[in-house]
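Please take these sequences and the hints and turn them into a complete structure.
Chain by chain, the residues run as shown.
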Amino acid sequence: VTDPGALLASAVAFGLPGAPDLGLDDPLDDGGFGVLLAAATDQRALGLLDAATACGALPVTASQRDDLGRAHDQALGGDLLLERLLVRTAVALRDTGIELRVLKGAALAHTVYPDPALRSFGDIDLLVRAHDYDHAVSLLVDAGGAPRFAEPRPGFTRRFGKGVCVESPEGFEIDVHCSLVLGPFGLALDTDDLFTEPLHFELGGTSLPALPPVPRFLHACVHAAIGAPSPRLMPLRDVAQLLLTTDLDTAAVLDVARRWRCRVVVQRAVTAALGTLGIEHHGELADWARAYEPDAFERRALRAYVSSSRSYALQAFATMQALPNTVERVAYLRALALPRRDYVRAREGGYLRRLRRSMRVARQWRGLR
Amino acid sequence: VGAASIELVHSPRALWRRTTRGMLLLTDALEEPRALTPTAAALWECFDEARTADDAAERLATSFGIDVARARAEIAPVVDDLVALGALVPASGT
Chain B
52 VTDPGALLAS AVAFGLPGAP DLGLDDPLDD GGFGVLLAAA TDQRALGLLD
102 AATACGALPV TASQRDDLGR AHDQALGGDL LLERLLVRTA VALRDTGIEL
152 RVLKGAALAH TVYPDPALRS FGDIDLLVRA HDYDHAVSLL VDAGGAPRFA
202 EPRPGFTRRF GKGVCVESPE GFEIDVHCSL VLGPFGLALD TDDLFTEPLH
252 FELGGTSLPA LPPVPRFLHA CVHAAIGAPS PRLMPLRDVA QLLLTTDLDT
302 AAVLDVARRW RCRVVVQRAV TAALGTLGIE HHGELADWAR AYEPDAFERR
352 ALRAYVSSSR SYALQAFATM QALPNTVERV AYLRALALPR RDYVRAREGG
402 YLRRLRRSMR VARQWRGLR
Chain X
1285 VGAASIELVH SPRALWRRTT RGMLLLTDAL EEPRALTPTA AALWECFDEA
1335 RTADDAAERL ATSFGIDVAR ARAEIAPVVD DLVALGALVP ASGT
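The listed protein sequences correspond, in order, to chains B and X.
If you're matching positions, the first sequence starts at 52 in our numbering and goes up one per residue.
If you're matching positions, the second sequence starts at 1285 in our numbering and goes up one per residue.
Simulated from the structure, these hints should not be mistaken for lab results.
In this text, all values refer to a predicted model and were calculated from it rather than measured experimentally.
Possibly wrong hints are sitting among the right ones.
[Stated by the list, open to error] Derived Cβ-Cβ restraints for the label pairs, each shown as a range:
1) X:Ser1347 with B:Ala342: 20 to 30 Å
2) X:Glu1315 with B:His186: 26 to 36 Å
3) B:Phe200 with X:Asp1365: 14 to 24 Å
4) B:Asp93 with X:Ser1376: 45 to 55 Å
5) X:Asp1332 with B:Arg139: 19 to 29 Å
6) X:Leu1314 with B:Thr322: 27 to 37 Å
[As the list claims (entries may be wrong)] Not the full set, but computed from the structure, chain X residues with beta-carbon under 7 Å of chain B:
7) Pro1296
8) Leu1299
9) Thr1303
10) Arg1305
11) Leu1310
12) Ala1313
13) Leu1314
14) Arg1318
15) Arg1343
Ideal Cβ positions, reconstructed from N, Cα and C, are used throughout, including at glycine.
Shown next, in the form of C-alpha cells:
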C-alpha cells in the first residue's frame, strides 16, 4: 500500500483482529509521508500511526519518526487539557444536580482502547437529560462559555434538537447534547435508554459516567454512519474497536436499534468500518449487517443525512415524519417558520431573506411529497 | 521534600499519557502539559503503586544496569519536582 490515503485507513485498523498488513517494506518518501501525516492529523489518527511505527509495522526514517512523535505529543497535550476541562465541567454540572454522561472521544479512550494515547479527540461531549439541557447550557455560559449557535425559539433544542457547542473561555469546545444526533434518528431514539446504569471511568481523581455498552455502541454507529456525509476514519475505528474487542450483546444491540428505528445506521456503520478499514471479520453482527434490508422510514431518514441531494428541506421533512404527533409537528414547524429575531439576524441576515428561503423550502417540500 | 523514605504514589488528580518519546503530565500546578523524558517516565511508572524513592531508585538501577547510589542521586531531584507539582503524593494521603 503506497497511496497515503489507503495506507492511513490500514493504519487506523492497526492492532485489531483481522486488520490488514500495512504492506510497506520501506519508508515512504518525505513527500508521501507528509501527506500521510497531514491526513492522520486531520483524522485524529496520530496515535494509531505512532503505535504502528513504534512496533515496526510502518517503516519510517528517523526524521519522519521525529515529525510523527512531535505531532502526536501535540495532540496528546490537547487531550490532557480537554480532560482537565472535562473533569471540572462534569463536577460543576453534577454539583448542581445535573445528571450527565460523557460521550465519544474521552469516554471511548478510557473505556474501550487499551491505551488512551491511541484515541485523541478535539472536544468534550456531555449528554444531559432534556429537562436539564437549558440549565446546563446556562451554567456553562455563566462560567464564561459562548454558545456557537442560537436557538430558533426558546426550548427548541431540548425538544427537537441535538445540542449546542459552547466555547469555553480557554477556547475549547464543549458539546452539550440532549440527544445523539439531529433530525429523524435523533427524535426516534429513546433518551431514557441513554441514562440506564452507566459505565464509570476514573479521570483526575473523579469517577465519570459513560454510556452503557449497548447505547455506547449505537452512538458510535450513529457518529460513524451519519455524523458526516462521508464516514471519518476514527469513528469507524471506534465501531470496529467496540465490535471486535468488547463483549457486545448482538441481540440487545439489534433490539434497541429496532426500537430507535436506526438499524440501517448500524448496518451502514458496521459495513463501512469493516470495508473502509479492510478488516476481515464474519461475526454475528457483521453477517446481519451484510444481509439487512432497511424499512421505508430508515431509507428515507438515512437519505436526509448522507445522500448527495440532502438539504434543509429533506431533513426537515424527515424530521417531521419522526415526530410522534400533530402537536409536536405544529410546534416544530412554527419554530422553523417563526424563529426569534436574533436567530434570524445571526443566521440569515433578516426576515426577508428568511421568508424567501422558507418559500424555497416549501416548494422543495411539495416536490418531496 | 524528604521523599526518600516516604511511600509515594501517583496523585489521582494527575492526568498523563505515555508516549513513544516518554510521557506527558498535567497537574493542577501546571498550565500546560509537561513532557517527561523516557527515564523520567520510567521513574513515574515505578509509582504505579506505593513506593519510596529509594525503592524506585533500586528498581531503576536494576532496569538500566547502573549503580544504586547513582540512581538515587539522579532521581532525587526528579522525585522532588514531581512531588512539588502534585503529581506524586504520599501514599497515606490518597
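For each hint, the structure was consulted:
The hinted range of 20 to 30 Å is not satisfied by serine 1347 of chain X and alanine 342 of chain B, whose Cβ atoms lie roughly 53 Å apart. About 30 Å separates the C-beta atoms of glutamate 1315 of chain X and histidine 186 of chain B, a value consistent with the hinted range of 26 to 36 Å. Phenylalanine 200 of chain B and aspartate 1365 of chain X have their C-beta atoms about 44 Å apart, which leaves the hinted 14 to 24 Å range violated. Checked against the hint of 45 to 55 Å, the C-beta distance between aspartate 93 of chain B and serine 1376 of chain X comes to roughly 47 Å, which is consistent with it.
Restraint check, aspartate 1332 of chain X to arginine 139 of chain B: a C-beta distance of roughly 25 Å satisfies the suggested window 19 to 29 Å. Checked against the given bound of 27 to 37 Å, the beta carbons of leucine 1314 of chain X and threonine 322 of chain B, roughly 44 Å apart, lie outside it. This hint holds: proline 1296 of chain X has a C-beta 4 Å from the nearest C-beta of chain B, less than the 7 Å allowed. Interface restraint check: leucine 1299 of chain X against chain B, minimum CB-CB distance 5 Å, threshold 7 Å, status holds.
Taking 7 Å as the C-beta cut-off, the interface hint given for threonine 1303 of chain X holds, the closest approach to chain B being about 6 Å. About 5 Å separates the beta-carbon of arginine 1305 of chain X from the nearest beta-carbon of chain B, less than 7 Å, and the hint is met. At its closest, the beta carbon of leucine 1310 of chain X sits 4 Å from a beta carbon of chain B; the interface hint therefore holds under the 7 Å criterion. Given the 7 Å rule on beta carbons, the hint for alanine 1313 of chain X is violated: about 12 Å separates it from the nearest Cβ of chain B.
A hinted interface residue such as leucine 1314 of chain X counts as satisfied when its beta carbon comes closer than 7 Å to some beta carbon of chain B; here the least separation is about 9 Å, so the hint is violated. Look at arginine 1318 of chain X: its Cβ only gets to about 9 Å from chain B, farther than 7 Å, so that hint breaks. At its closest, the beta carbon of arginine 1343 of chain X sits 22 Å from a beta carbon of chain B; the interface hint therefore is violated under the 7 Å criterion.
In terms of the numbered hints stated before, the structure departs from hints 1, 3, 6, 12, 13, 14 and 15, listed from lowest to highest.
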